[in-house]
Each structure stands twice: as C-alpha cells, then as structure tokens.
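Dock chain B against chain A, hints included.
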Amino acid sequence: QKEVEQNSGPLSVPEGAIASLNCTYSDRGSQSFFWYRQYSGKSPELIMFIYSNGDKEDGRFTAQLNKASQYVSLLIRDSQPSDSATYLCAVTGGAQKLVFGQGTRLTINP
Amino acid sequence: GAVVSQHPSWVICKSGTSVKIECRSLDFQATTMFWYRQFPKQSLMLMATSNEGSKATYEQGVEKDKFLINHASLTLSTLTVTSAHPEDSSFYICSAINRIGGELFFGEGSRLTVL
Numbered sequence: 001q002k003e004v005e006q007n008s009g010p011l012s013v014p015e016g017a018i019a020s021l022n023c024t025y026s027d028r029g030s031q032s033f034f035w036y037r038q039y040s041g042k043s044p045e046l047i048m049f050i051y052s053n054g055d056k057e058d059g060r061f062t063a064q065l066n067k068a069s070q071y072v073s074l075l076i077r078d079s080q081p082s083d084s085a086t087y088l089c090a091v092t093g094g095a096q097k098l099v100f101g102q103g104t105r106l107t108i109n110p
Numbered sequence: 001g002a003v004v005s006q007h008p009s010w011v012i013c014k015s016g017t018s019v020k021i022e023c024r025s026l027d028f029q030a031t032t033m034f035w036y037r038q039f040p041k042q043s044l045m046l047m048a049t050s051n052e053g054s055k056a057t058y059e060q061g062v063e064k065d066k067f068l069i070n071h072a073s074l075t076l077s078t079l080t081v082t083s084a085h086p087e088d089s090s091f092y093i094c095s096a097i098n099r100i101g102g103e104l105f106f107g108e109g110s111r112l113t114v115l
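Residue numbers (the working numbering), protein chains in the order written: chain A, 1 to 110; chain B, 1 to 115.
Only chain A is shown next, with the shape it has when bound in the complex (with noise of 0.2 Å):
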C-alpha cells in the first residue's frame, strides 16, 4: 500500500464550480498534512497545511483532516482556469520530511 494516495485524475471541472481534491495516508503517526500546487515544469508551491482535525480555509481554499479516517481533502471554490495544475497532497510525521501522493491533474473548463 503506497503511504499517501491521491487519484491521479484527471479531474475536469467548470470554471465557478468547487473542486474537490482527495488524499489518504498509511501512517497514522502522522503530524502534518500539506496541499502543494504544481505547474507543468515548475516547482511545487505551498497552498495550505493543516495540523489539527477539521477544516481549515484561506481564501477560495479550503483543507479539510479527518485523521480517525487518514483522510485529508482540499476543496477549491470559484475555481478558475489559474488554478488548473496538479495537486500534491504531503504528509510528515516530523523532521518536514515529506511524502507525497502521486499528485490530482486538475483542469478548469472556461
């Protein structure tokens, strides 16, 4: 079993819809849980992390950790064509040693 699981996608959705990005993790010892964004050729950006159970939101952004389930999500509301990229979720238990899922292609449909 791969430690952190994303779909891969691709996940289409139109322009001002929410989109939903899904993640889960192996290791319940666990600690922190990141949601990076990727453009093609570039470098992955922090979008969000969350530490405790429950949501979290900044902006059109929106985390969301259930570690009874090893479950985290980030949700995208008014999504727009910007925010079409691929979607790492990463997890750490300590040491910002990150793991990262395989990554959601996202694409927002103008």
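Straight-line alpha carbon distances no greater than 20 Å define the calculated EDC-like cross-link-like pairs of lysine to aspartate or glutamate that follow:
1) B:41 <-> B:87
2) B:41 <-> A:5
3) A:42 <-> B:88
4) A:97 <-> B:59
5) B:41 <-> A:3
6) A:67 <-> A:3
7) B:41 <-> B:108
8) B:41 <-> A:45
If you're looking for bench data, these hints aren't it; they were derived computationally from the structure.
Being a predicted model, the structure only gives us computed values, none of them experimental.
Chain B in isolation, oriented as in the chain A frame:
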C-alpha cells in the same frame, strides 16, 4: 519571502559525464535540505536528506555512490550525479528548512537531460 535557488535550472550532458546541481538558501540558514527527483507525470520522490556538516541520509534504493550529496555550509547543498545515464534524466528539486522557525521552502528545480 525566503528563496531557495537551484543552479543550473536546466542542463544537458553526455552519457558518462558527471553533473553538479547546487541548492542555495539565499536569505536564511538551512541545517537540513532535501533532494527530490520527479519523473514526468509522477510525484516527487525523496532521494536523500542532507544535513550540514554530516553525511547525507539516503532513501532506500538510491545509490549513494551515484548521487553524491555535500552540505558544506548552512546555505549550500550540492547533488552530483556521477556517470550520468539517460535514465537519470529527470527534474531534481531541493527543499530547505529555515534554521529559525522551521519553515520549509522548495527550490525552483533543475531539469537534467542525459543524451
């Protein structure tokens, strides 16, 4: 914001040669840096953890004699791909932890093509 710079951003080399990639933290000191490799349409795979002043810790399956890592100062780590082959062609990305505050920053990545 804090910047991590990689150089070169892209490099093409002949098979059998060695290539050095630098990762610099420009405005902070980093006791720990990480080196990742990303093949097309795949995720980032951690290769090694680089600690200033000590030997790097390599992930399982990564050849330490092929991928030489040197973290000689608090602002610089280097990855040398020795005797490069076409299968080493990849996007190599470093990240660095700010010694103060513990925040993690990614470099811009270096694309290696081995002919």
